[in-house]
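So the chains spell out like this:
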Amino acid sequence: AHTGPVTTLKRVDVHVEGIVQGVGFRPFVYSLANRLGLAGRVHNDVNGVHIEIEGAHAGVEAFLTALERDAPALSAIERVTVVSGEPAGHHGFTIATSDPGGPRRALVPADTATCDDCLRELADPADRRHRHPFINCTNCGPRLTIVRGVPYDRHLTTMAPFGLCPDCAREYHDPGDRRYHAQPTCCPACGPRLVLRDARGTELCGDPIACAATLLRAGRVVAVKGLGGYHLAVTASDERAAATLRGRKHREEKPFAVMAADLAQARRLADIDDTAAALLTGRARPIVLLPRRDGPLPVASSVAPGSRLLGLMLPYTALHHLLLAEVAEPIVLTSGNVSDEPIAHEDGDALTRLSGIADAFLTHDRAIHLRADDSVVRPLPGGITVLRRARGYAPEPLALRRPVPRPVLACGAQLDNTFCLAYGRRAFVSQHIGDLGNHDTLRSFVEGIDHYCHLLDLRPEIVAHDPHPGHPATRHALEIAGVDHVAVQHHHAHIASCLADNGDPGPVIGVAFDGLGHGPDGTLWGGEFLRADLTGYERLAHLAPVPMPGGAAAVRQPWRMTAAYLRDDHPGLDVAARNAAHWAAALTAAHAPLTSSAARLFDAVAALLGIRDTITYDGQAALELEQRADPAETGAYPAALTTTGGPLVVEGGDLVRAAAADLAAGTDPAVIAGRFHNGVAAAITRTCVEVRHDTGLTAVALSGGLFHNALLLDRTVQRLRAAGFRVLTHVRVPPGDGGISLGQAAVAAALDGR
Amino acid sequence: LGHGSGGQLMAELLADLTPRLGAGALEDAAIVATGAPEVVMSTDGFVVTPRFFPGGDIGSLAVHGTVNDLAMRGAVPVALSLAYIVEEGLPLDELRRVTASVARAAQACDVRVVTGDTKVVGRGAADGLYVTTTGIGVRLPGAHVAAAGGRPGDAVLLSGPIGLHGVTVLSTREGLGFDSELTSDSRPLHRLTAAMIAAGSCGVHALRDPTRGGLASALNELAAASGVGVELEEPAVPVPAQVAAACELLGLDPLHVANEGCLVAFVDAARAGTVLAAMRALPEGSAATRIGTVVAAHPGRVTMRTLVGSHRVVDMLVGEQLPRIC
Ligand SMILES: [Fe+3]
Ligand SMILES: [Mg+2]
Ligand SMILES: [Zn+2]
Ligand SMILES: [Zn+2]
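If you read the sequences in order, they're chains A and B. Numbering-wise (the numbering used here), the first sequence opens with residue 1 and increments by one. Numbering-wise (the numbering used here), the second sequence opens with residue 755 and increments by one.
Don't read these hints as lab results, they were simulated from the structure. Warning: the hint list may mix true and false statements.
Unchecked claim - Incomplete in silico selection of chain A near chain B, CB under 8 Å: (1) 250; (2) 338; (3) 339; (4) 551; (5) 585; (6) 588; (7) 590.
Using N, Cα and C, we set each Cβ at its ideal position, and we do this for glycine too.
For reference, chain A alone in the conformation it holds in the complex (with noise of 0.2 Å):
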């Protein structure tokens, strides 16, 4: 009989925002109930997870302590709210199904590396998803990229349209089980097929692994269906199929990436310290750039050539798994695509593109629904950089400092595109669109922001935007009616993206270096130092501008900045004798828009050097440039900092000047790399020293896609903070053009809020 006082029993209405649906939330919560004996029910609804829970006083308070600090490893728990009321009289615990009206704002996870529970049962012959290359639960497995609308079920992702067999479903409702309402869940006998096929489509017989492993080893290009999209494989060692996979794919000279089997067979490869190995084995799972191991290595010379690191990567899915446990070597795993198109992510486009590139085709009947590359991160001595944020890491919502009143949708860049949707106190940042000037990547960048305001939920009200008009992202934003359009320089932008990557208000001295941007005055911007807050920004000092000659084709010839930069003065330089049928035209050319950009101060050195002088990728030369400057060199190259009543100019011809004295010197070419980039991190510096004495500002903020360079950012970090100066750089998103949306976002959101 029921004796006690009723005061002792307690009843609240509990509910949960955050990343909640899809991470094993209500099995944790039922059990959770269970084991503290409390009695009531479970939901996911469209903000999240909803709790009924009662019983006895201490027990709700321990579930209410016990529901933040033991929450699964894949959830990520924004907001609590806690609503006390009569109890109902639940018998028992249960879970209810989703309710699916109302307004959707509950969060969509990120695709998730296969867990160790998984990997488990996968290498159990006596499991019943021993080798199956679709294994998952709800601690792993595919999501945003397989996720058609909300709420996050299964009969709205691309599993849809397998029905789950008896033993798959009875887990599936078994609240007790690990895969309780895992929604891409499936076993050998209900999940998808995965098939070998020839490069016309024809479905060749045999394990599709163990073939697919044999044509790798005989030098052949598979294509391989993965999270995100196709990639395509060889042999990582094999210089005649990396040679082969260059020239089907048209991409001469940029990095490929490595997939090792484990951490073991990646340290074979590159120097893995501890922040490494926790990237490389990270659920994210990004390529890391790492630096090579001395002495010969299993990778062929056309991986990567021109640079001392190597982007490594570890298996994400259970597929990769087992083809890198047959292959037995490191792999190469490239986008599928041809040359700068994005990644083929549907089946029958994938086989028309990639039928000339691949000889073979390991894929599977479960449709990715949403495009997404891999990520790119690079470790660094005092944490990393993102260099390219999408698979592993979107859609995670970064947390912002201030809310945003009106949601926003920023366009972002035109050439590393991402956009950006923020309201309340969550910035959406896309996975990495790319280059805009590709049909197809212009197409997803339209579709994408479709997908992402129908999945949160959200219609814009505001639009951020750069101020070019003749600008893609801009011309699509401006066809956006009924919005509040703010337009967002470049500069401004990248350092907006820094602030609201630090949750830092401002104003800050803003130190933006990078490719180009336009500015106001209508000459190029890439070197600038700005007041900067989140609502507004002065310039206060930037690199001398120096003529582009020939505009463009100034960016993919770096010696003409070599030209702009030395003029005549190049007594017996080889990069004026290399060029000299063209340096006299260069010096004269009209159309040579002025620039202040970083970037092509780099190119200049970099072309003296010997380095480059034409460019098969962007920012090839300065990565180059880095790659080849001696760390341990400590001279640096002095630049005169000159005023005329305006902003401060830095004089960066001083830094090519002297660079190419020591060349003719006779001093060794890594040796003038390093005095460079310890000359650019002084100059900035410097400047950074005299805006302090003017403006008494005292942080520093430090973004562009330049500052992608490692070496460049740690000798200006060390230096700045010998100078005094607090220094913020990017965490979670890159400091290159995959950062500007976010910045519009936060430039825009906080003139509404003004």
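With chain A held as given, fit chain B with the ligands onto it using these hints.
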């Protein structure tokens, strides 16, 4: 100076220049009896540095430009007016050369210069010589060409190689050393359009001469006006080797470089073969070729399948040709 004051000297100047045009008595306006219901009219101002370049000069350009604008509406040009704005100090002999060139070009086009005007402005108020021509023409029977006329499925035809005019002028201006190998394509196109319309009748849907802004801008304009998309095949677009080399050196995209002697057309696919044959029968269309297709997908946008098989967005030129950002 004194030529600009409208007095005796101006009269002498006009008396000197007018006979070179083969024009009759000077009137303020010309009466043109057309006898046709549809009169087509177009006007253009011409400023080009240098004024003389391989393959033409500002005078012939002024005639061809306006004649071609009329031709793109399916018209046969009938008469032109001519106006000069002359900066003080321009050698009279240069003005004579230009005028003779106008006359030669007009005669070759079978079009008369029927009225004109000359003003002289002070040093610095103009850059040497500006020329304005206005032309009228009559529309050919059966010509139903309009920028909005393109339909999905149409063939995109181009009458000849692109980039020659713009690159020739730039190369001459900057002394790049290509000038010896390059010649502007400046020439009249009204006979070509007449032949196309005769051969294709209502199947010729849209015509445009890709002058400033190049082929890219012309196609974007047509695509926008017709509410259709355009898909080009890069290997099919004829870019002369010297044009490609000069563009590489100058940092220009051949698709954005001006032409003065070629046209692009949207033609019903069923008639495209006949129209192409008719074009190739004339010297100005001897290199005519199909470069792409009008599609219903992506209205208002032009794309190009590149040599390596990727699909590039071909944008309008906005302002100067600038490098892509970041
Ligand atoms: Fe940038
Ligand atoms: Mg006109
Ligand atoms: Zn798992
Ligand atoms: Zn099953």
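Failing hints, ascending? none
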